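My request is simple: use the sequences and hints to build the entire structure.
Residue numbers (my numbering), protein chains in the order written: chain B, 1 to 313; chain E, 314 to 626.
Derived from the structure by calculation, the hints contain no laboratory data. Watch out, some of these pointers could steer you wrong.
[What the hints assert, rightly or not] Have a look at the derived ranges for each label pair, beta carbon to beta carbon: (1) B:A219 to E:S514: 15 to 25 Å; (2) B:S231 to E:G581: 54 to 64 Å; (3) B:A135 to E:G569: 55 to 65 Å; (4) B:D287 to E:N330: 46 to 56 Å; (5) B:A250 to E:V363: 47 to 57 Å; (6) E:K327 to B:R209: 22 to 32 Å; (7) E:P580 to B:A250: 52 to 62 Å; (8) B:R282 to E:N330: 50 to 60 Å; (9) E:G541 to B:S231: 50 to 60 Å; (10) E:G353 to B:E106: 42 to 52 Å; (11) E:A448 to B:V308: 44 to 54 Å; (12) B:P259 to E:A448: 51 to 61 Å.
[Claimed, not checked] Below, simulated DSSO-like cross-link-like pairs (lysine-lysine); rule was C-alpha separation at most 30 Å, straight line: (13) B:K92 to E:K527; (14) E:K527 to E:K405; (15) E:K405 to B:K214; (16) B:K14 to B:K229; (17) B:K140 to B:K214; (18) B:K229 to B:K140.
[Said to hold, decoys possible] Covered by chain E, per the in silico footprint, the following chain B stretches (three or more residues, Cβ under 8 Å): (19) 92-106; (20) 191-202; (21) 292-300.
Treat the numbers as computed from the prediction; the structure is a model and nothing was measured. Ideal Cβ placement from N, Cα and C applies to all residues, glycine included.
Protein chains: 2
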Amino acid sequence: MSDPIRLALVGMGKIANDQHYPALTSDADFDLVACVDRDGSCLAHLPYFVTIQELAESGLTVDAVAICTPPQVRHDIAQFALEQGWHVLLEKPPGATLAEVVALRETAQDRGLALLASWHSRFAPCVDQAREWLAGREIKSGRIVWREDVRVWHPRQHWIWEPGGFGVFDPGINALSIATHILPDPMFVEQSELFFPGNCSAPIAAQVRFRDRKGALIAMDLDFRQEGKQSWDIVIETAGGTLTLSNGGADISTTGAPPPPRDDVLPGEYSALYRRFAELVRNSSCDVDVRPLRLVADAFLCGRITRVDDFIE
Amino acid sequence: MSDPIRLALVGMGKIANDQHYPALTSDADFDLVACVDRDGSCLAHLPYFVTIQELAESGLTVDAVAICTPPQVRHDIAQFALEQGWHVLLEKPPGATLAEVVALRETAQDRGLALLASWHSRFAPCVDQAREWLAGREIKSGRIVWREDVRVWHPRQHWIWEPGGFGVFDPGINALSIATHILPDPMFVEQSELFFPGNCSAPIAAQVRFRDRKGALIAMDLDFRQEGKQSWDIVIETAGGTLTLSNGGADISTTGAPPPPRDDVLPGEYSALYRRFAELVRNSSCDVDVRPLRLVADAFLCGRITRVDDFIE
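This is the structure we're talking about:
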């Protein structure tokens, strides 16, 4: 076993505290050596820096960083980290634009560093079973329903309503990270309707119609205004039965053939993510799948915009 | 010399008549064998079809098609053409979304067919000189000004105001096709302001701020409401002088070192495009540079939208 990877967490918001910190502290492959946060949030027993530049100047030895800031500032931090010779994990979405993510991949490859554009939802318990079940089956149609209460899941995350925050596509991109992973054919946007609150620069709801290359319709319904029961479901109709992946990939059911068996003991999504990152760091290689972000960009590019009521948190 | 490539023109609108037809009929590499247009426009002496399906059913031998329809319908026509075993040239922009263009490239590669995502502005007379002059120079900043009168240049092109028509980015993508070709480093969107008429689903003006990987600012000013003098200019400040590429790449001037010499006799933009396409067809290879379209998608993805006066043609 190699020495642990000395990692700094950058951006100590909700996702870093809820997910990255527990995954890292229970992973022998990583040694969490510092945290960076412009607002001064820090897990008390770790060296703390306000900016990544301060971290670099401190002389602390760092092998890698995980960037959990809002997407709008991720690129500059990642570019700086790569210039220090540090490997980089990017929370999802990997950036506020596609071109900046592609440019980071080029930088990482040129410098022989690992870069992971992470899609945690792909590591939900039943996603690989769904992928295996769908492989080789003829897709007839699909339906993605991702309806959640923004006030519950994204409290005070003002960046989500700013340009580059993506609004309801911030959770919606999780659905697309699963769909692009499990569906056998590429899909693309055929029609997109975006609902923008009058006081926001990002949509609060969206209806997007995709087609796969063979013409199957995949309809996506995203809504941030869902109270009561929440939905994170993907249903795929095939010529050989229906697959239902629900609760964001935690549950699976099928008609026709049963789903394939899975391992009894599965790591959590973020533990699996860090296993993947450790593998990339050991090999100095990149895993940057831009497909989910590209579909979101396409939904904006050809979106028809409707104004709806202001959003007041 | 090989046999001429038997080509059908699909979508007989302004660009097909103004540019493709004259370029093709003076090119010995191509034999224009049919035209396809849903509205029945056709150059009289050619076999004519309303749809590409009719063309396929006619039994006429076709090697390649050039697709000049509005972008919203390009993908399905191109996919059908590739399924017939025909090589494909796509007018710019190559589609209404990025993912559909990437999917077409995969289809073409899988089938061993040529696919050209054409960017005619890159073949403007002084573009290669500009690229050569900028190579290796340190870029300080840039300014792209593309201001034209939509009523003059896009009469009755209602598709331009629909989702996937891109509005002012339809000409603006020409500027980006040049900028991505001549600038030594990749650039990406830092800030984007889009001005949508109340009655349109696409912007009539845009202010986009790009940065290149080394931090240089490239400011882009697009406006469809320009009366009087029209502007299609790119100015790049470098550590070794200023380059001005004006009139859409037709004129060049520099301070410091003069621009490199160029050939006395240059083909027109579309003649050069068809030379490139002939080369790809002979080699069954693809040239699909998505960078200009990706930057437009990014400008929409992180755009801040302002409503402006309705557009009445």
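Consistency of the hints with the structure:
1. For A219 (chain B) paired with S514 (chain E), a C-beta distance near 20 Å keeps the hint of 15 to 25 Å intact.
2. The hinted window of 54 to 64 Å between S231 (chain B) and G581 (chain E) holds, with their beta carbons roughly 56 Å apart.
3. Judged by the Cβ atoms, the range 55 to 65 Å given for A135 (chain B) and G569 (chain E) holds: they are separated by roughly 59 Å.
4. The hinted window of 46 to 56 Å between D287 (chain B) and N330 (chain E) holds, with their beta carbons roughly 47 Å apart.
5. In this structure the supplied range 47 to 57 Å holds for A250 (chain B) paired with V363 (chain E), their Cβ-Cβ distance being about 51 Å.
6. K327 (chain E) and R209 (chain B) have their C-beta atoms about 30 Å apart, which keeps the hinted 22 to 32 Å range intact.
7. Taking 52 to 62 Å as the suggested C-beta distance range, the pair P580 (chain E) and A250 (chain B) conforms, at roughly 60 Å.
8. Between R282 (chain B) and N330 (chain E) the C-beta distance comes to about 59 Å, which sits within the given range of 50 to 60 Å.
9. At about 54 Å, the beta-carbon gap between G541 (chain E) and S231 (chain B) stays in the expected band of 50 to 60 Å.
10. The given range of 42 to 52 Å is respected by G353 (chain E) and E106 (chain B), whose C-beta atoms sit roughly 48 Å from each other.
11. In this structure, A448 (chain E) and V308 (chain B) meet the distance hint of 44 to 54 Å, their C-beta atoms being roughly 49 Å apart.
12. With their beta carbons about 55 Å apart, P259 (chain B) and A448 (chain E) fall inside the hinted range of 51 to 61 Å.
13. A C-alpha spacing of about 24 Å is found between K92 (chain B) and K527 (chain E), which places the hinted pair at or below 30 Å, so the restraint holds.
14. Note on K527 (chain E) and K405 (chain E): the hinted pairing holds, with a Cα-Cα distance of about 29 Å set against a maximum of 30 Å.
15. Note on K405 (chain E) and K214 (chain B): the hinted pairing holds, with a Cα-Cα distance of about 24 Å set against a maximum of 30 Å.
16. Restraint check: the Cα-Cα separation between K14 (chain B) and K229 (chain B) comes to about 22 Å, which is no more than 30 Å; the hinted pair holds.
17. Taking the CA atoms of K140 (chain B) and K214 (chain B), the gap is about 9 Å. The hint holds against a cut of 30 Å.
18. For the suggested pair K229 (chain B) and K140 (chain B), the alpha carbons sit about 28 Å apart, so the restraint of at most 30 Å is met.
19. Given as covered by chain E, the stretch 92-106 of chain B passes the check, having 8 residues with a CB less than 8 Å from a CB of that chain where 3 are the minimum.
20. With 4 residues carrying a beta carbon less than 8 Å from a beta carbon of chain E, the stretch 191-202 of chain B meets the three-residue requirement, and the given coverage holds.
21. A count of 6 residues in the stretch 292-300 of chain B with a Cβ less than 8 Å from any Cβ of chain E is obtained; the coverage claim is therefore met, three being the minimum.
In this structure, every one of the numbered hints holds.
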